Amino acid sequence: MSKLNRDVLYSIFEELKDDKKALLSCLSVNRTWCKIIIPIFWKDPWKQLYTRETTKLLSLFDVIISHLSDESRKNISNKFLKDYKKPLFNYISFCKNLNLSELKIIMNAAIDSNIQNDDEFLFYKGEIFKLFINNKTKFIQLYLPQDFNDQIHLIPGAKECFSKLEFLNFYGDVNEEILIGLSEICKSIKRLELYVTINTNSGIIKLIDAQKSLKEIYIEILNNNNNKSLENSLIKHEKNIEYLRLNKQSMTNIISYFKNLKILEVGDISQNISWNQLEVVSLPILQVLNARNVPINVITSLIEKTNGHLNEIRIDFIVHNNINNKRLIQAIYQNCPNLNYLELLIRNSNISEFEKLLIKCKYLDGLFIIIDNTDWDDLFKILARSSPSGLYKFKFYFSDETPNSKSLRLFFDNWKGRHPMLLHTVPETIYDSGYIDINMINKYKAEGVIKLYEEDITGNIYEDFEWIRKKFQMN
Numbered sequence: 297m298s299k300l301n302r303d304v305l306y307s308i309f310e311e312l313k314d315d316k317k318a319l320l321s322c323l324s325v326n327r328t329w330c331k332i333i334i335p336i337f338w339k340d341p342w343k344q345l346y347t348r349e350t351t352k353l354l355s356l357f358d359v360i361i362s363h364l365s366d367e368s369r370k371n372i373s374n375k376f377l378k379d380y381k382k383p384l385f386n387y388i389s390f391c392k393n394l395n396l397s398e399l400k401i402i403m404n405a406a407i408d409s410n411i412q413n414d415d416e417f418l419f420y421k422g423e424i425f426k427l428f429i430n431n432k433t434k435f436i437q438l439y440l441p442q443d444f445n446d447q448i449h450l451i452p453g454a455k456e457c458f459s460k461l462e463f464l465n466f467y468g469d470v471n472e473e474i475l476i477g478l479s480e481i482c483k484s485i486k487r488l489e490l491y492v493t494i495n496t497n498s499g500i501i502k503l504i505d506a507q508k509s510l511k512e513i514y515i516e517i518l519n520n521n522n523n524k525s526l527e528n529s530l531i532k533h534e535k536n537i538e539y540l541r542l543n544k545q546s547m548t549n550i551i552s553y554f555k556n557l558k559i560l561e562v563g564d565i566s567q568n569i570s571w572n573q574l575e576v577v578s579l580p581i582l583q584v585l586n587a588r589n590v591p592i593n594v595i596t597s598l599i600e601k602t603n604g605h606l607n608e609i610r611i612d613f614i615v616h617n618n619i620n621n622k623r624l625i626q627a628i629y630q631n632c633p634n635l636n637y638l639e640l641l642i643r644n645s646n647i648s649e650f651e652k653l654l655i656k657c658k659y660l661d662g663l664f665i666i667i668d669n670t671d672w673d674d675l676f677k678i679l680a681r682s683s684p685s686g687l688y689k690f691k692f693y694f695s696d697e698t699p700n701s702k703s704l705r706l707f708f709d710n711w712k713g714r715h716p717m718l719l720h721t722v723p724e725t726i727y728d729s730g731y732i733d734i735n736m737i738n739k740y741k742a743e744g745v746i747k748l749y750e751e752d753i754t755g756n757i758y759e760d761f762e763w764i765r766k767k768f769q770m771n
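Residue numbers for the sequence shown follow the working numbering, beginning at 297 and rising by one.
No lab work stands behind these hints, which were simulated from the structure alone. Each hint should be verified, as a subset may be incorrect.
[As the list claims (entries may be wrong)] Across the chosen pairs, the derived CB separations fall in these ranges:
1) N549 / F390: 42 to 52 Å
2) N620 / P684: 18 to 28 Å
3) I336 / I764: 51 to 61 Å
4) Q573 / P383: 50 to 60 Å
[As the list claims (entries may be wrong)] Here are the computed lysine-lysine pairs in the DSS-like style, where the Cα-Cα straight-line distance is at most 30 Å:
5) K331 / K352
6) K535 / K511
7) K502 / K486
8) K483 / K532
9) K434 / K352
10) K544 / K524
11) K434 / K535
12) K343 / K316
Given the structure is predicted, the values throughout are model-derived calculations rather than measurements. C-beta: ideal position from N, C-alpha, C; glycine also.
Work out the full structure: start from the sequences and follow the hints.
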């Protein structure tokens, strides 16, 4: 088979990387397809473990230890070796994501109940670490678990293994020496995800300072301490930072330094946090705004200070009055002409302002509406009458009552002749599910009004602006 054909197949299979069933069906077609697909599977073998099923954990452990050398196998208890044969592929060499958090869970599930003492466990762990960390593996992503103390930077081959690292996820309580060691090896990290649980140590600062192309910062502050040294370290990268995620208003003063910021995610599960410092921030090229439990007046002020580049706005439900709701909607249609995706709460008193938004934001592609005290007939009439031609993806979160069949029929009948819609409904609780008449939905599917309908009962199956590909591919 020509290299061109291999490259084409690889591109196709890469598109299917999140669809395990589809890839498995292709795996047995022939040897060539198998050779192309196996490395794709093993780029990130950990993502199939999200359900934490013991059988999956043990199955992956079996594959991992099948890579052990003959010398290592002599020192491993027969309880773990069974009748292992050498693997057909060096699967671990294809791995680009080293998730030591998942590996820790796997080892605990497979080893803990079969070891005699701590020294034996440390030996097994060391042998498994060496399978992944050596001069033949090249990792792009690295996850370190909480309270991590293993000196992985001292394992032979660590420099070659981590020198091209682009992503690092870790907790602030990781051993300081490990972070200092990684700072001497890793210089090209582009995305950093940090959970600050204790005081910021010098290892964190040295690691951040060592980076040459840091563009994305995800920070969860889990303490109430002064994190000034961390702020100062991040500010040194002000020209490069394009993505920022913060959960504490105590660090919002650094946002004003990041004039090249394109994506901002702010918020926390608590509604008792003040974010007033954001009101004076100006982000002229911001493209994506994701806010959770941030006061509406703060969000509105942020939107008003953008220069028309926002194409995605996500505003989770937070209690606010009709006046603030109106001002928010006005800020969006006055400042966001290029908007593609929008999530917000709509109240019936501001339905006419919402119609102006539909008319002026002519590039809208997907709409996630949180319903609160809304007249369904009015809303559906406006959607059918004033939605831009490219808008056909709808998601409705019912925080109040669900629409009746008569209102839905009105919506679907008025939608005839337009692009078939992708429709999701998200009930407030699982007890509110099942109220949409599926027979009616199927009727409008047959008529070409609806292309796809999903009831996302938990609200977790899809991302907010995701209508087709599921977040997790089920087995």
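Identify every previously stated hint that the structure contradicts and give their numbers, smallest first. Violated hint: only 3; rest satisfied.
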